[in-house]
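Q: Produce the entire structure from the sequences given, and follow the hints as far as they go.
Protein chains in written order, with the numbering used here: chain Z, 1 to 101; chain G, 102 to 497.
Honestly, the hints are just simulated from the structure, not real lab data. Predicted, not measured: the structure shown is a model, and the values here were computed from it. Among these hints, one or two may not hold up.
[Stated by the list, open to error] Here are a few chain G residues that face chain Z, going by a calculated C-beta distance under 10 Å:
#1 Arg200
#2 Leu201
#3 His299
#4 Ile308
#5 Asp314
#6 Gln316
#7 Glu321
#8 His322
Heads up, the beta-carbon is just placed ideally off N, CA and C, and yes, glycines get one too.
Spelled out, the chains give:
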Amino acid sequence: MSEITNKTPMDDLTIGGNIYTSGNAKNFKTGDWRSQRPVFHEDKCKQCGLCFPVCPENAIPVGKEDLKRKNFNFDYCKGCGVCSKVCPFGAITMEEEGVNL
Amino acid sequence: MSIRERLSGNEAAATAMKQINPDVVAAFPITPSTEIPQYFSTFVANGVVDTEFVAVESEHSAMSACIGAEAAGSRAMTATSANGLSLMWEMIYIASSLRLPIVLSLVNRAVSGPLNIHCDHSDAMGVRDAGWIMLFSENNQEAYDNTLMAHRIAENEKVLLPLMVCQDGFITSHSIENIELEEDSEVKKFVGEYHPKHYLLNDKEPIAVGPLDLQSYLFEHKAQQAEAMKAAKDVILDVAKDFEKWTGRHYGLFEEYMLDDCDLAIVCMNSTAGTTKAVVNELRKNGVKAGLLKIRVYRPFPGEEVAKALENVKAVAVLDKADSLNAVGGALFEDVVSSMYVAGNKVPTVNYVYGIGGRDTTTNDIKSVYNDLAEIAKTGKAENPYRYLGLRKGEN
Numbered sequence: 001m002s003e004i005t006n007k008t009p010m011d012d013l014t015i016g017g018n019i020y021t022s023g024n025a026k027n028f029k030t031g032d033w034r035s036q037r038p039v040f041h042e043d044k045c046k047q048c049g050l051c052f053p054v055c056p057e058n059a060i061p062v063g064k065e066d067l068k069r070k071n072f073n074f075d076y077c078k079g080c081g082v083c084s085k086v087c088p089f090g091a092i093t094m095e096e097e098g099v100n101l
Numbered sequence: 102m103s104i105r106e107r108l109s110g111n112e113a114a115a116t117a118m119k120q121i122n123p124d125v126v127a128a129f130p131i132t133p134s135t136e137i138p139q140y141f142s143t144f145v146a147n148g149v150v151d152t153e154f155v156a157v158e159s160e161h162s163a164m165s166a167c168i169g170a171e172a173a174g175s176r177a178m179t180a181t182s183a184n185g186l187s188l189m190w191e192m193i194y195i196a197s198s199l200r201l202p203i204v205l206s207l208v209n210r211a212v213s214g215p216l217n218i219h220c221d222h223s224d225a226m227g228v229r230d231a232g233w234i235m236l237f238s239e240n241n242q243e244a245y246d247n248t249l250m251a252h253r254i255a256e257n258e259k260v261l262l263p264l265m266v267c268q269d270g271f272i273t274s275h276s277i278e279n280i281e282l283e284e285d286s287e288v289k290k291f292v293g294e295y296h297p298k299h300y301l302l303n304d305k306e307p308i309a310v311g312p313l314d315l316q317s318y319l320f321e322h323k324a325q326q327a328e329a330m331k332a333a334k335d336v337i338l339d340v341a342k343d344f345e346k347w348t349g350r351h352y353g354l355f356e357e358y359m360l361d362d363c364d365l366a367i368v369c370m371n372s373t374a375g376t377t378k379a380v381v382n383e384l385r386k387n388g389v390k391a392g393l394l395k396i397r398v399y400r401p402f403p404g405e406e407v408a409k410a411l412e413n414v415k416a417v418a419v420l421d422k423a424d425s426l427n428a429v430g431g432a433l434f435e436d437v438v439s440s441m442y443v444a445g446n447k448v449p450t451v452n453y454v455y456g457i458g459g460r461d462t463t464t465n466d467i468k469s470v471y472n473d474l475a476e477i478a479k480t481g482k483a484e485n486p487y488r489y490l491g492l493r494k495g496e497n
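A: Rendered as structure tokens:
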């Protein structure tokens, strides 16, 4: 399938917008919908590993070597707050997006 | 060799489905189409077909299951009526926009309320702009034949649109008529196998179906659907040609009955065409040049062809078995008159909304329309074009 952009004429688009390749959800950045922003308090984090599996957008990166979670990937974080709810240590707080950055 | 049988319209539709032997049928019973999945489930139970029958809990799920099955790469069929189609409505649009050639048997019935289970076309008219091909059937034979032709049309690469075969609830669905059936093996040969180019269960090509389609794309995808609908016209005629070679039965976009030298023309769909033919025959005996244009293909609407077929008549009445409640006229009327206007055809044309909720439409009713047309032809004027046929009304 050739590259499809917002300049592609209708004749060259796939029918129904079908995508005939895999692994392309990452091309769609979902982070700009966020109204609440998670803030990571590294000092309170025990690296227990409860937060990253519940993230629907896989927006909590974990180091391949040290197996420690890093700060959020805000390209994809929608600010749903699930991670903040599961954190037993108050290491993730939700704040209004665009305020006190 | 054709087989002479006598079947109801529902039996005719179910028999066609049996001979097509689709991969999946997902359906929920609703009057008057209940018998179609009922007969079909006995075919499944008796091992006559090897279809996966999904007994769903609603019509929304019936259409959803058909969408899933078609997207997976299989052939899926269903049947419904009236409020069943209403409940499918959301998925009706998904089916056409995902370009899945599902075939649905729609047994036309009034959409409630107040509650009514009898025939009119309000169910079909509610989805007329949903991107489905819509074939209408005058009798049981046509319901059978249209269903046999359905997959060849819907699955054509230039089309890839879902298709519904309509017939009149009770009037044809529950009336037993003589019918010519074709041999199972011949049907199998004519319908062929379904091998979609792209499908979800292809492990060689992982695909995504129905992704987010925002401002930069939806417009073009809708225009693709519109192009497919236009392309469907020729495909429908090509399939009809092959069908005629096989069975000897001729089908076009519409049927012209005594239209050649006709002065007074009625345009209608489904079983009322049969009643109208009887009246045309009688009037012709008395020297009245009456004729009929029976729409078979309602979507895509054969606008240019209809306008041309009606260019030499003196007056036209379009009969709508559903009221659009828009203070202008019925849906078929609007399609016909706008096609005529665009073609520069100025023949005076009136609309009759008739047969709502299963109200009987008799030969006398149809005769009264031809009488009105004779008057209009004389004066050249069509006053009050939005009319009713068979409605009880006070004097003022």
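Q: Which of the listed hints are broken here?
A: none
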